[in-house]
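Residue numbers (the numbering used here), protein chains in the order written: chain A, 758 to 1217; chain B, 758 to 1217; chain C, 758 to 1217; chain D, 758 to 1217.
There could be a bad hint or two in this list.
Since the list can't tell identical chains apart, any single copy or any two copies may satisfy a pair.
Result set (PhoX-like, lysine-lysine): computed pairs, CA atoms no more than 25 Å apart in a straight line [claimed, not checked]:
{"id": "1", "residue 1": "K1164", "residue 2": "K1095"}
{"id": "2", "residue 1": "K1104", "residue 2": "K1012"}
{"id": "3", "residue 1": "K946", "residue 2": "K960"}
{"id": "4", "residue 1": "K946", "residue 2": "K867"}
{"id": "5", "residue 1": "K946", "residue 2": "K862"}
{"id": "6", "residue 1": "K960", "residue 2": "K822"}
{"id": "7", "residue 1": "K862", "residue 2": "K764"}
{"id": "8", "residue 1": "K789", "residue 2": "K1104"}
{"id": "9", "residue 1": "K764", "residue 2": "K1104"}
{"id": "10", "residue 1": "K1144", "residue 2": "K1012"}
{"id": "11", "residue 1": "K1173", "residue 2": "K1012"}
{"id": "12", "residue 1": "K862", "residue 2": "K1144"}
{"id": "13", "residue 1": "K1095", "residue 2": "K764"}
{"id": "14", "residue 1": "K960", "residue 2": "K862"}
{"id": "15", "residue 1": "K946", "residue 2": "K1012"}
{"id": "16", "residue 1": "K862", "residue 2": "K1164"}
{"id": "17", "residue 1": "K867", "residue 2": "K1144"}
{"id": "18", "residue 1": "K1185", "residue 2": "K862"}
{"id": "19", "residue 1": "K789", "residue 2": "K862"}
{"id": "20", "residue 1": "K1144", "residue 2": "K960"}
{"id": "21", "residue 1": "K764", "residue 2": "K1173"}
{"id": "22", "residue 1": "K1095", "residue 2": "K831"}
{"id": "23", "residue 1": "K764", "residue 2": "K867"}
{"id": "24", "residue 1": "K867", "residue 2": "K1173"}
{"id": "25", "residue 1": "K1104", "residue 2": "K946"}
The set of hints was computed from the structure by calculation and includes no laboratory data.
There are 4 protein chains.
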Amino acid sequence: MADTNVKTDELLALERRYCSFGDTVHYLEPPKVFVNCEGSYLYDEQGIPYLDLQMWYSAASFGYKNARLNEALKRQLERLPQLACQYLHAEKIEVAARIAQYCEKRFGVKGRVHFNVGGSQAIEDSLKVVRNYTGKNLAFAFMGGYHGRTLGASAITSSYRYRRRYGHFGDRAQFVPFPYCFRCFYGMKRATCNLYCADQFAKLFESEYHGVWDAREEGAEFGAFYIEAVQGTGGYAVPPQEYFARLKATCDRRKILLVDDEIQMGVYRTGKFWAIENFGITPDIIVFGKALTNGLNPLSGIWAREELIAPEVLPPGSTHSTFSSNTLGTAVALETLKMLEEEDYEKRVQEKGAYFLAGLRELQQRHPGVIGDVDGLGLALRIEICKEDGITPDRDLAGRIFAEGLKGSLEVGERKYGLVLDVGGYYKNVFTLAPAFTITREEMDLALELLDQLLGRCRN
Amino acid sequence: MADTNVKTDELLALERRYCSFGDTVHYLEPPKVFVNCEGSYLYDEQGIPYLDLQMWYSAASFGYKNARLNEALKRQLERLPQLACQYLHAEKIEVAARIAQYCEKRFGVKGRVHFNVGGSQAIEDSLKVVRNYTGKNLAFAFMGGYHGRTLGASAITSSYRYRRRYGHFGDRAQFVPFPYCFRCFYGMKRATCNLYCADQFAKLFESEYHGVWDAREEGAEFGAFYIEAVQGTGGYAVPPQEYFARLKATCDRRKILLVDDEIQMGVYRTGKFWAIENFGITPDIIVFGKALTNGLNPLSGIWAREELIAPEVLPPGSTHSTFSSNTLGTAVALETLKMLEEEDYEKRVQEKGAYFLAGLRELQQRHPGVIGDVDGLGLALRIEICKEDGITPDRDLAGRIFAEGLKGSLEVGERKYGLVLDVGGYYKNVFTLAPAFTITREEMDLALELLDQLLGRCRN
Amino acid sequence: MADTNVKTDELLALERRYCSFGDTVHYLEPPKVFVNCEGSYLYDEQGIPYLDLQMWYSAASFGYKNARLNEALKRQLERLPQLACQYLHAEKIEVAARIAQYCEKRFGVKGRVHFNVGGSQAIEDSLKVVRNYTGKNLAFAFMGGYHGRTLGASAITSSYRYRRRYGHFGDRAQFVPFPYCFRCFYGMKRATCNLYCADQFAKLFESEYHGVWDAREEGAEFGAFYIEAVQGTGGYAVPPQEYFARLKATCDRRKILLVDDEIQMGVYRTGKFWAIENFGITPDIIVFGKALTNGLNPLSGIWAREELIAPEVLPPGSTHSTFSSNTLGTAVALETLKMLEEEDYEKRVQEKGAYFLAGLRELQQRHPGVIGDVDGLGLALRIEICKEDGITPDRDLAGRIFAEGLKGSLEVGERKYGLVLDVGGYYKNVFTLAPAFTITREEMDLALELLDQLLGRCRN
Amino acid sequence: MADTNVKTDELLALERRYCSFGDTVHYLEPPKVFVNCEGSYLYDEQGIPYLDLQMWYSAASFGYKNARLNEALKRQLERLPQLACQYLHAEKIEVAARIAQYCEKRFGVKGRVHFNVGGSQAIEDSLKVVRNYTGKNLAFAFMGGYHGRTLGASAITSSYRYRRRYGHFGDRAQFVPFPYCFRCFYGMKRATCNLYCADQFAKLFESEYHGVWDAREEGAEFGAFYIEAVQGTGGYAVPPQEYFARLKATCDRRKILLVDDEIQMGVYRTGKFWAIENFGITPDIIVFGKALTNGLNPLSGIWAREELIAPEVLPPGSTHSTFSSNTLGTAVALETLKMLEEEDYEKRVQEKGAYFLAGLRELQQRHPGVIGDVDGLGLALRIEICKEDGITPDRDLAGRIFAEGLKGSLEVGERKYGLVLDVGGYYKNVFTLAPAFTITREEMDLALELLDQLLGRCRN
């Protein structure tokens, strides 16, 4: 393991003494140590493969150690591994141009790209663009939405748990029910609701006494609505097809910008380059990150419509970050974009997603009730673990399955396996699956087998 | 250039159309494109070397393409280039342990390390630690201080220009004069001031009517004081030796945490691992980033005293960032720390710094008045450009020198050179020099020669 | 007119030049000047009587120039008209004791009374009590709710119009639909809704991802819920009988204080001393003002449960206002309380209210559609002016009726009359009637006649 | 006592049980009960006269039970004691016109008057005017400044003690040292300082890195500077003659409005109608209250320059308060203004002030050291109680003197007396004297005698 010559037990002892627990480690006790990875697998110190169905929250969508992308990083290491972002290098410009050109082609709207590092910082940049353009600090966001953990991003992230320890948040968003139809906040049924939730949002603006609109001035108290087209942390719930068109119409009428957070769902996770393309609307701002570098670099950024981001509106010096368009990250991102142009990822992801979803539906048949819901868009898939009634969230069971998968003690054929899952959702009872786009049918079959074993082991 | 096959003119055209100008590019018009780097030099498309005296704002302190550190990155690329941060890998633990052990040795205080990506996000984490521990949103910070550009970091960064476009900042810091003695805010003289500025800060707490202290409850309205031991963006001003001891005594007495932002000055820039070590105090929190990976990865983090960051105080889930302790970044950081243990960087940096500073003082002799001040600590050096009176800031001249250096048209011997400078300071008239720790005496001599030429060309 | 010897035209000219229009005058152009008042009538300079159905937004509930209360003011003028509130006088204590004793009798809960001047300042004091006790800045409040116009009160007042001009409100409330069943925000019908709105509020706390609750800590992001039992400015809508019990149960379970704003509805306007008594719950804090002095003095205050306001929780110096428990105001308030003890106001107000409401229902019969809704509780009555469809708000018609009433050109018998109405409601189409408790059956009959005439004149 | 027939002991028992202690009562334990007042005297239940040197914090400047003003209140009680403020009455207009005309004559600037009740609410209105006009939430204010206790007013009031219990204040002012020369914050001496404090404030704008100014946009982060020309709660310190001209020049250059809080010092307390008239500058907004009605009604208001308050800038509906321009208050205020026009109050107050100040200086001679400072402007006078060194604040001694005065056990001639003092200042060691303008030479002599006795009794 590594060139550190330190054994796992010693490592864990050091960790307990010197590492903050404040990050997300220590959900499992003790935390799991991995030493190698390849394709769809992580490996522990015993060499046991763990089939990974969450691929670093969709950051490593193109598979661990993707040869082509690793090579791109190495090339840039030889050429121009470092450069202050006040100077230009080719790859930055190329990546920006390709993304902007793609958006122009898809949406018919001119725009520009702005880089940063880490999803939260790109969210912060989007907040700046919104505030600068609208003059307003406040935003709408979705219940179940997650946009990061800086203070600014926490203010628009739904879970109060992420804010509780940190004092008063003067820019806290107003949280609006997401069309999470399996558990409709309004208690409606999809078949008959006629998107009641979209109407409820529109209704906020019908009287100034609903609190957000001044009819005399035709102005809203809120500058933007932050969305994820498919919620990530919120549990990979897929909204009704027509929902976002209705929401966008209200936002446009009320002069509210729509900011589309594609950090987790962008770059083909849902079968389209941007997840929002599944829903037929054009956002005002797109925020991206994660998978663009396959996790090799925290490169992130935003695309915004020209009028929000033109140089005269957002002039030089408006934002800054030392590593914003760093050469290593942009080189990998450029290679990713080239790769995406050379193959039909839309088809690849949709086909694999359909195959996996079908398998999951069969699994649900075998575990009725306990698997309350199965759904997906592209390779963003969800399994919702419930009590026997098929609706009451079973957080404990989900937790046991998660932990059992990480023991590495499952067996298929003669081999031992582990299974890497991620637990999400409003009630922490949803497995949010984000397999590698390189996953094979055999690996998906194996995944279903391992899930079946885990369900068998953990249901009591 | 690159494997993009796009010429510079075309690149610049693409950039003007598709790139946001909101970052710091376009300070120079058109922005400068670089295609290669090595040691202390950047190279343009004509192959002209630009001696770099600012090394990416101190992010690439160990020289461009440092072979050992590049190699560490490549090794990790082969081994474990990707891993969700909820799982552990050896290098993360090793880096945390080494930093915490170093702090324990130096300061005699136990603590823990917490990772993130990008300096601003580490600052945000420190704000969370402060708010969680003190229950207070407000902080003191220095005039001239710079801590990043997220909304939270902007609130404690002095320049109002960084906030102006972005609405109301409800957590704006109270800014306190930094001991920038060349331009004392209080108009005092160092020889006779007896650290008047430190007394003025202490005086804030003498009456509740000074606005920050409730004597009945013995509590302050402010939870922390954010400092840079030597200000980065503020112009590399070196405070009097005794200043921070006085400041810390007041903070301790008034229950205000001292957060030491070492993002730019940490990792030996000032001749000590932490810049604050030059001043004999123990901060409550240290924030670090940049040079720890020599710019190969935006890894950043904080160290905090045990009572602020122990698991029961800051439990799992308190913060999170996808890339927080990413494997590539921690692998390079670990190699950096090993390298630092194998050689006496304190001596190396101090000796080179002394040599360079001596040269700068000679340069000042040749350009009296125009070089109003020259100073430095380790390899953090400053040249303050003034009018003939030796005190009035000459921002225009500093700008002309900066632009002229980037033309690549200086000549020494038979060769053409450029000079990469960075302009900082309260009046944008200070060259803040952060040369590579690998800079040679010959390169320093060359730098002085190039500076002399530039001064000759640009003074009119 | 007055001893000012200035004619009305001159007065209006002076007003246009020297008076701010920022207060609510100039809704009518030119504003109406009155010179005398008596019982239920205001008089203009021609001596024309205007039957007043709104009695200064319920501040003069006991009739203009109520002899007993005027006399109390005069007595105090002779005795102790001025006294700094750091000293005590008997009436202050008597008023506080009687209110606290009344609450203890009605609610079975010990508490204390705290004075201020003006409803908004009492609201501000309640905000302080909430923040001090809960440590939280944020509150829930109702859509349609109105609590005053200081910055703090505006933050919890629903209409964005009251905030729009005044920058960012970092403590803005989250506004929850009020059970205004004639126009249910959720589009439900009262007969079948089972208080869906109360359930929706409870649902906010079911998942941390709904944005307000941290289940791990069992804590909410909001410290209080501000209510008016019957909304004043919101249009005198009367909620379903069981609503507040359901709301209070949720608040109790989620540790959210219920603050009952009785400024407009308290002191028997709804037939009970406190309007909330109609709904069978005990609030944590009550805010009162207006009618307690019959408009002779802005005395206001709060009652709060002992644990929120005991001296050790809210010690001396926690708040202050020069005029807070001024001797003139407390003397009148004491007389009011004595008067209320001597007669059965519950019966008086309920009987008159029933008579008036019956008349209004007849009026509705004669103007079907246009009078979309008529309702009331005690002598808080509402007439909602609609289009012919009986539901679309007709703001213009309401405005025309209001203006026509102020012309003083209605005729009954041989006499000219005016009618003073107040327009409120979410769509400014509701006449909110607050007649004097001294109004006679003859005056109510006259009011119905005048309303009928106005409707006849103004419908086109 | 009163018509309440309750004895003092019973009253105190009721008070302890039913009254909040959160207001300023209970500074003395038990609080003092008064039952009558007349001229310069308060009377307790034994009929002992207490010479009042603080006249309800300057609210009752024209003497208790001033016959003319009491009569004006009674007249309005007979005529028009109640009227909703959306209708006009003559006295409101007359008062507004007279104040605006006075300001126009004195300052050469057109403006308008806007009413409210209570000083804090007028301050809130001024905050609204500032925010509306400048678009900025933040303000400068003075250390030692006091502007009220609503949340908005507390944010610009210096003492942190007034904010501590109430959570985060997102609009907290930046507090600037007041020219309180006896205890210069900067440690300067008036004779040689050349108004160093004014220069320090101007210096804040010299570099964007001082935190408040963006030179590129020529804009400040702060919309207004709130001042009291002579600080009230801060201890009646009189600033150097030239100070405010210097401050105003900086404010004008930096586009910062100057808001002059005259609530305590206005209406001739300092010998001029507005205290600021002593200093030769024109404020942008004036806030007034207290003495305008001699404490008979909490009428308050603001005057603002036309461009800040013209109807098109601050249209109808911008603010509102039920009691804002109530008929009783405006009637008394109008009588006050007439009275002020009929006699030379400037001369009267200045002469009495000079006589009293001379007496206080003699008293200081008799108690050197202990009376560290004596000063005054008009009838706003100060006595600063110190240790023997003449500078260390002696809060305890001040407190003992205050309490002893309220015992009513002093004797002059054959009579028993009490003395009513008010303790203020940054260290609660200053007697801030605000005697009635009707005080006689004999009463001033008596005051000096009583002070001398108290000092004799309480120094140990």
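Going through the hints against the structure:
1. Taking the closest pair of Cα atoms, K1164 and K1095 never come within 25 Å of each other, the shortest separation being 38 Å inside a single copy and 33 Å across copies.
2. Taking the shortest Cα distances, K1104 and K1012 never come within 25 Å of each other, neither inside one copy (36 Å) nor across copies (52 Å).
3. In the homo-oligomer, the alpha carbons of K946 and K960 lie at most 25 Å apart both inside one protomer (20 Å) and across protomers (17 Å), since each shortest distance falls under that limit.
4. Within a single copy, K946 and K867 get their C-alpha atoms no closer than 39 Å, and across copies no closer than 47 Å, so neither meets the 25 Å cut-off.
5. In this assembly of identical chains, K946 and K862 lie within 25 Å of each other by CA distance neither inside one copy nor across copies; the values are 37 Å within and 47 Å between.
6. Taking the shortest Cα distances, K960 and K822 never come within 25 Å of each other, neither inside one copy (50 Å) nor across copies (45 Å).
7. In this homomeric assembly, K862 and K764 come within 25 Å of each other (Cα to Cα) only across copies, at 24 Å, whereas the closest approach inside a single copy is 53 Å.
8. When the C-alpha separation of K789 and K1104 is checked against a cutoff of 25 Å, the pair qualifies neither within a copy, at 35 Å, nor between copies, at 41 Å.
9. Taking CA atoms no more than 25 Å apart as the test, K764 paired with K1104 passes in neither setting, with 44 Å inside one copy and 34 Å between copies.
10. Within a single copy, K1144 and K1012 get their C-alpha atoms no closer than 43 Å, and across copies no closer than 29 Å, so neither meets the 25 Å cut-off.
11. When the C-alpha separation of K1173 and K1012 is checked against a cutoff of 25 Å, the pair qualifies neither within a copy, at 56 Å, nor between copies, at 50 Å.
12. Taking the closest pair of Cα atoms, K862 and K1144 never come within 25 Å of each other, the shortest separation being 46 Å inside a single copy and 48 Å across copies.
13. Proximity of K1095 to K764 under the C-alpha cut-off of 25 Å is restricted to the inter-copy arrangement: shortest distance 18 Å between copies versus 41 Å within a copy.
14. Taking CA atoms no more than 25 Å apart as the test, K960 paired with K862 passes in neither setting, with 34 Å inside one copy and 42 Å between copies.
15. Proximity of K946 and K1012 under a CA criterion of 25 Å is satisfied in neither setting, with 30 Å inside one chain copy and 32 Å between copies.
16. Taking CA atoms no more than 25 Å apart as the test, K862 paired with K1164 passes in neither setting, with 47 Å inside one copy and 38 Å between copies.
17. In this homomeric assembly, K867 and K1144 never come within 25 Å of each other (Cα to Cα): the closest approach is 49 Å inside a single copy and 45 Å across copies.
18. Proximity of K1185 and K862 under a CA criterion of 25 Å is satisfied in neither setting, with 39 Å inside one chain copy and 42 Å between copies.
19. Proximity of K789 to K862 under the C-alpha cut-off of 25 Å is found in neither arrangement, the shortest distances being 44 Å within a copy and 29 Å between copies.
20. Proximity of K1144 to K960 under the C-alpha cut-off of 25 Å is restricted to the inter-copy arrangement: shortest distance 20 Å between copies versus 36 Å within a copy.
21. With identical chains, the CA atoms of K764 and K1173 are at most 25 Å apart within one copy only, with a shortest distance of 22 Å there and 53 Å across copies.
22. In the homo-oligomer, the alpha carbons of K1095 and K831 lie at most 25 Å apart both inside one protomer (17 Å) and across protomers (22 Å), since each shortest distance falls under that limit.
23. Taking CA atoms no more than 25 Å apart as the test, K764 paired with K867 passes between copies only; the shortest distance there is 23 Å, against 54 Å inside one copy.
24. Proximity of K867 to K1173 under the C-alpha cut-off of 25 Å is found in neither arrangement, the shortest distances being 52 Å within a copy and 41 Å between copies.
25. When the C-alpha separation of K1104 and K946 is checked against a cutoff of 25 Å, the pair qualifies neither within a copy, at 31 Å, nor between copies, at 48 Å.
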